[in-house]
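J.: Residue numbers (my numbering), protein chains in the order written: chain P, 205 to 376; chain Z, 36 to 835.
Watch out, some of these pointers could steer you wrong.
Stated by the list, open to error - Covered stretches of chain Z (in silico footprint by chain P; criterion: 3 or more residues with CB under 8 angstroms from a CB of chain P, positions within the stretch not fixed): (1) 63–74; (2) 281–292; (3) 319–330; (4) 558–571; (5) 736–744.
Said to hold, decoys possible - So the derived list for chain Z, only partly shown, Cβ under 7 angstroms to chain P, looks like this: (6) Ala246; (7) Phe247; (8) Leu248; (9) Gly249; (10) Gly299; (11) Arg498; (12) Leu584; (13) Phe689; (14) Gln730; (15) Ser764; (16) Thr766; (17) Asp767; (18) Leu769; (19) Ile770.
Note that these hints are calculated values from the structure, not bench results. The C-beta atom is built at its ideal place from N, Cα and C for all residues, glycine as well.
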Amino acid sequence: MRLELTVNGRPHSADDVWEGESLLYVLRERLGLPGSKNACEQGECGSCTVRMDGDLVCACLVAAGQAEGAEIRTVEGMADPDGQLAPLQAAFVEAGAVQCGFCTPGLLLAAEELLERVPRPADADIREALSGNLCRCTGYENILDAVRLAATRTPDAPAPTRTSGLTPERRP
Amino acid sequence: MGVVPPPAGLTQRAGAGQGTEGGVGTSPQRPDGVLKVTGEFAYSSDLWHQDMLWGHTLRSPHAHAEIRAIDISEALTVPGVHCVLTHADLPAATHYGLEFQDQPVLAVDRVRYQGEPVALVAADHPETARRAAERIRVDYVPLPVVHDEASATAPEAPVLHPDRDDHHAEHVPHPNVVHVQPVVSGDVEAARAEAEVVVRGSYTVGMQDQAFLGPESGLAVPAEDGGVDLYVATQWLHVDQRQLAPVLGLPPERVRLTLAGVGGAFGAREDLSMQAHACLLALRADRPVKMVYNRYESFFGHVHRHPARLTYEHGATRDGRLVYVTGRIVLDGGAYASSSPAVVGNAASLGVGPYRVPHVAMEAVGLYTNNPPCGAMRGFGAVQACFAYEAQMDKLAAALGLDPVELRQRNALSQGTALPTGQRVDAPAPVAELLRLVKARPLPPERPWEALDGGGLPTVDLRALPGGLANTTHGEGVVRGVGYAVGIKNVGFSEGFDDYSTARVRLAVTAGEPQVTVHTAMAEVGQGGVTVHAQIARTELGVGQVSILPADTRVGSAGSTSASRQTYMTGGAVRNTCVAVRAEVLRLGRERFADQHPGWSDAELRLSDGAVLAEDGTVLAGLAEVLGDTAIDLELEFRHRPTEPFDRVTGQGFGHVQYSFCAHRAVVDVDVELGLVKVVELAAAQDVGRAINPQAVRGQIHGGSTQGLGLAVLEEILVGPDGTIRNPSFTDYLIPTILDTPPMPVDVLELADPHAPYGLRGVGEAPTLSATPAIVAAIRQATGLDLTRVPVRPEHLARG
Numbered sequence: 205m206r207l208e209l210t211v212n213g214r215p216h217s218a219d220d221v222w223e224g225e226s227l228l229y230v231l232r233e234r235l236g237l238p239g240s241k242n243a244c245e246q247g248e249c250g251s252c253t254v255r256m257d258g259d260l261v262c263a264c265l266v267a268a269g270q271a272e273g274a275e276i277r278t279v280e281g282m283a284d285p286d287g288q289l290a291p292l293q294a295a296f297v298e299a300g301a302v303q304c305g306f307c308t309p310g311l312l313l314a315a316e317e318l319l320e321r322v323p324r325p326a327d328a329d330i331r332e333a334l335s336g337n338l339c340r341c342t343g344y345e346n347i348l349d350a351v352r353l354a355a356t357r358t359p360d361a362p363a364p365t366r367t368s369g370l371t372p373e374r375r376p
Numbered sequence: 036m037g038v039v040p041p042p043a044g045l046t047q048r049a050g051a052g053q054g055t056e057g058g059v060g061t062s063p064q065r066p067d068g069v070l071k072v073t074g075e076f077a078y079s080s081d082l083w084h085q086d087m088l089w090g091h092t093l094r095s096p097h098a099h100a101e102i103r104a105i106d107i108s109e110a111l112t113v114p115g116v117h118c119v120l121t122h123a124d125l126p127a128a129t130h131y132g133l134e135f136q137d138q139p140v141l142a143v144d145r146v147r148y149q150g151e152p153v154a155l156v157a158a159d160h161p162e163t164a165r166r167a168a169e170r171i172r173v174d175y176v177p178l179p180v181v182h183d184e185a186s187a188t189a190p191e192a193p194v195l196h197p198d199r200d201d202h203h204a205e206h207v208p209h210p211n212v213v214h215v216q217p218v219v220s221g222d223v224e225a226a227r228a229e230a231e232v233v234v235r236g237s238y239t240v241g242m243q244d245q246a247f248l249g250p251e252s253g254l255a256v257p258a259e260d261g262g263v264d265l266y267v268a269t270q271w272l273h274v275d276q277r278q279l280a281p282v283l284g285l286p287p288e289r290v291r292l293t294l295a296g297v298g299g300a301f302g303a304r305e306d307l308s309m310q311a312h313a314c315l316l317a318l319r320a321d322r323p324v325k326m327v328y329n330r331y332e333s334f335f336g337h338v339h340r341h342p343a344r345l346t347y348e349h350g351a352t353r354d355g356r357l358v359y360v361t362g363r364i365v366l367d368g369g370a371y372a373s374s375s376p377a378v379v380g381n382a383a384s385l386g387v388g389p390y391r392v393p394h395v396a397m398e399a400v401g402l403y404t405n406n407p408p409c410g411a412m413r414g415f416g417a418v419q420a421c422f423a424y425e426a427q428m429d430k431l432a433a434a435l436g437l438d439p440v441e442l443r444q445r446n447a448l449s450q451g452t453a454l455p456t457g458q459r460v461d462a463p464a465p466v467a468e469l470l471r472l473v474k475a476r477p478l479p480p481e482r483p484w485e486a487l488d489g490g491g492l493p494t495v496d497l498r499a500l501p502g503g504l505a506n507t508t509h510g511e512g513v514v515r516g517v518g519y520a521v522g523i524k525n526v527g528f529s530e531g532f533d534d535y536s537t538a539r540v541r542l543a544v545t546a547g548e549p550q551v552t553v554h555t556a557m558a559e560v561g562q563g564g565v566t567v568h569a570q571i572a573r574t575e576l577g578v579g580q581v582s583i584l585p586a587d588t589r590v591g592s593a594g595s596t597s598a599s600r601q602t603y604m605t606g607g608a609v610r611n612t613c614v615a616v617r618a619e620v621l622r623l624g625r626e627r628f629a630d631q632h633p634g635w636s637d638a639e640l641r642l643s644d645g646a647v648l649a650e651d652g653t654v655l656a657g658l659a660e661v662l663g664d665t666a667i668d669l670e671l672e673f674r675h676r677p678t679e680p681f682d683r684v685t686g687q688g689f690g691h692v693q694y695s696f697c698a699h700r701a702v703v704d705v706d707v708e709l710g711l712v713k714v715v716e717l718a719a720a721q722d723v724g725r726a727i728n729p730q731a732v733r734g735q736i737h738g739g740s741t742q743g744l745g746l747a748v749l750e751e752i753l754v755g756p757d758g759t760i761r762n763p764s765f766t767d768y769l770i771p772t773i774l775d776t777p778p779m780p781v782d783v784l785e786l787a788d789p790h791a792p793y794g795l796r797g798v799g800e801a802p803t804l805s806a807t808p809a810i811v812a813a814i815r816q817a818t819g820l821d822l823t824r825v826p827v828r829p830e831h832l833a834r835g
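Start from the sequences and build out the full structure, keeping to the hints where you can.
T.: Following this line, the structure appears as structure tokens:
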């Protein structure tokens, strides 16, 4: 089948997509966007977390066809086009929240979604929001630090609408 | 578009200002950090080649079976399949292994564990390869399974490796015993009369999985010279190359490995997984071949932590002085040896823990069984022992009516103490002090779930309770416990192993500025070695801009990223090489500038902030001036001081190069009605000798502690008596989430080891040891139950 979707504000299409393929496979192997990771392919680890029309999803559990026409946001879309890191990305690097880094893309998107909903989260909020993302290296303390740090740098703005996680300037 | 390459060289700039910034003792950002947060860092599973095929492995469904025949004809007819390989297609060596070459590349006439590779397929889509593999017909005849010590060592037990010719074979009591290591000191029989209080216990440690997140994967690309280039996630490029070359029938120089991005390791990447398979397929198909395990396959595709049964007897005087310890540790190594002999050596030699014990009789045994193969995992034999000896110390404290920390401190070893192996600890060993540090921390508040709502009225925050938002309790039936533990771990490879690392360092002027390039074969598996190497180069050469080249086999071996050894060993190699480069800089400078400034005769010249400084701080010349067009490029090896094998009968010997120590205090809340545990806080104190990168040190202690927490209450591969794995998925094998993991305050001591580079002490493993027994001790205190196995599960706790 032919699949058309928007990823990080840019239209993409893929031909000859096999019906059993996941959105994760399409992103990684067909669209050349391997930032979303493949650690369990069972929706348990959150390494493949992306945003589909603003909602957090495990891309491994989304059948490719379900993403037809959807707006997808992956880790590749977080930094500004000129390379300026998003506050969360910078905070993860600064706080030592990145070790092997395999969980990092998924954690970043989950944390982004949290900070949009709850700009000043308590630790319990952060833990709840990130509980679907496994990290095997850091022990999570530095990840908590990174989200706290990013929260201090995030404007206390109202949450955007749930229909799109994309900022206007990143729309096609 | 050709190959999507693994991470290119990582360059990081630091410096300007007073001295050279970003050196040893600071916490500069990781040079690969930005790539990792933007999704640009290419892990081994991200590699891509326009012509690549996908490889797939057919694995045995049986734990033990004879193979009568393999028929691949139907698989070959599947459209999109390029080749199918079995043992009959192997060009050269048929077996490999880290210590013994006992593991078949592809099963020949017998499989010895569930998941053993039997055949390989390369096809143009991963699903095509998988479906073709399902059409391979293998005629199995199931054989009796040996699954524990009794069944493996029974007189009539099937012998798993009847043709053993390894160096332990003639010394073991049964051919299904891989290795036995006794450690005997003093006279336990005589000491029994001296002991006033004796405690005995039997303990069980379940099979833990490393559960790194990045699955086994890599890309093999056939080369024009008939060789192969392999881009792969591994812990030791050169040991992979050493094992691969004979299997591929190629000289080592035509088996070139480059480290691809590694998503964690923890020991599981020490053994080969897909390396030989991808190379064999690529050479046969004459096309690049990528292999990526999914999580299910990953549980079969790597070795696990040895499950263990341990029996101990501790004898002490009434005033709490250890008189003797006896112990027997049985480690299930599964179907192949992997690193079991070294795990046995560690368990035996570290089996009494960080304590002074005059009379010791320990024995550690490693078994061959039809269970999943076990090998290296963080803590490597010391984890299992620590769970048991620390449980014994608590039991002894209770029998003596002593505080458990006080008992440990009275017996704590310190610098100068002789271990049961006869080896004297010749570096700081602040065991008592580490315990004091964790005990001195203020305790977290009781009943943390009792919160006040917006109106100031008392309310229950379910998130702080065992079970969390599952809303299983509002606090009734929840009891608190506090537990302590401390452990001892060796650093680096032991027992006479020729442990070395190599570093190549180049100093040259680029665009008018001095730049250092560091090239090693060290596997960066997430621990942060790339950061540390840049820090060391900055400190030794006074240059801010340091590039780290990709790790590959074009430079000498760095040894394994394991045994907490890389900062010591490859860090040591980078330092030594930088020192030699510095000497060459100074020689050049004297040659070129000595007649212009008398300061060049100063014996104490330094390099700092891109310049050569006299002892008094006078700038003699910029490095760019000294070097001009000259590039200094040196490659040197670094070795730690030699160790020696343990005596086969007594276990005596200078077996370990360095020891590291970590203590934990765990605070838990237990819902005794439902058997649910919430770890409230896990405090650690560790001596790291010198914190080369304090942020990375804390990260290692947090990560190691969390894996210890996992072993205490969550993580176990369940293996049935038929040798099959019951829970090979992240749905059923539970690793700690951020909700399972508590705040983890850390105290770091820096008592320099005079034998180590910068006085440093390997960090990564020690916290994994003591976290587990500290948590279980806390659960025992909370519940009054005599818990003797980990992980502790709800059914062990719930009161009927």
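J.: Does each hint fit the structure? Answer for all of them.
T.: Verification of the supplied hints:
1. 63–74: holds (count 9)
2. 281–292: violated (count 0)
3. 319–330: holds (count 3)
4. 558–571: holds (count 4)
5. 736–744: Since three or more residues must qualify, the claim that chain P covers the segment 736–744 of chain Z holds, with 7 doing so at under 8 angstroms.
6. Ala246: This hint holds: Ala246(Z) lies near chain P, its Cβ roughly 6 angstroms from the closest one there, short of 7 angstroms.
7. Phe247: 6 angstroms, holds
8. Leu248: Holds. Min distance 4 angstroms.
9. Gly249: 5 angstroms, holds
10. Gly299: Holds - the Cβ of Gly299(Z) comes within 7 angstroms of chain P, reaching about 4 angstroms at its closest.
11. Arg498: 5 angstroms, holds
12. Leu584: Violated, because the Cβ-Cβ distance from Leu584(Z) to chain P comes to roughly 19 angstroms (cut-off 7 angstroms).
13. Phe689: Status violated, d = 33 angstroms.
14. Gln730: 4 angstroms, holds
15. Ser764: 6 angstroms, holds
16. Thr766: At about 5 angstroms, which falls below the 7 angstroms cut-off, the nearest Cβ of chain P leaves the hint on Thr766(Z) intact, so it holds.
17. Asp767: 9 angstroms, violated
18. Leu769: 9 angstroms, violated
19. Ile770: Constraint on Ile770(Z) satisfied, holds at 6 angstroms.
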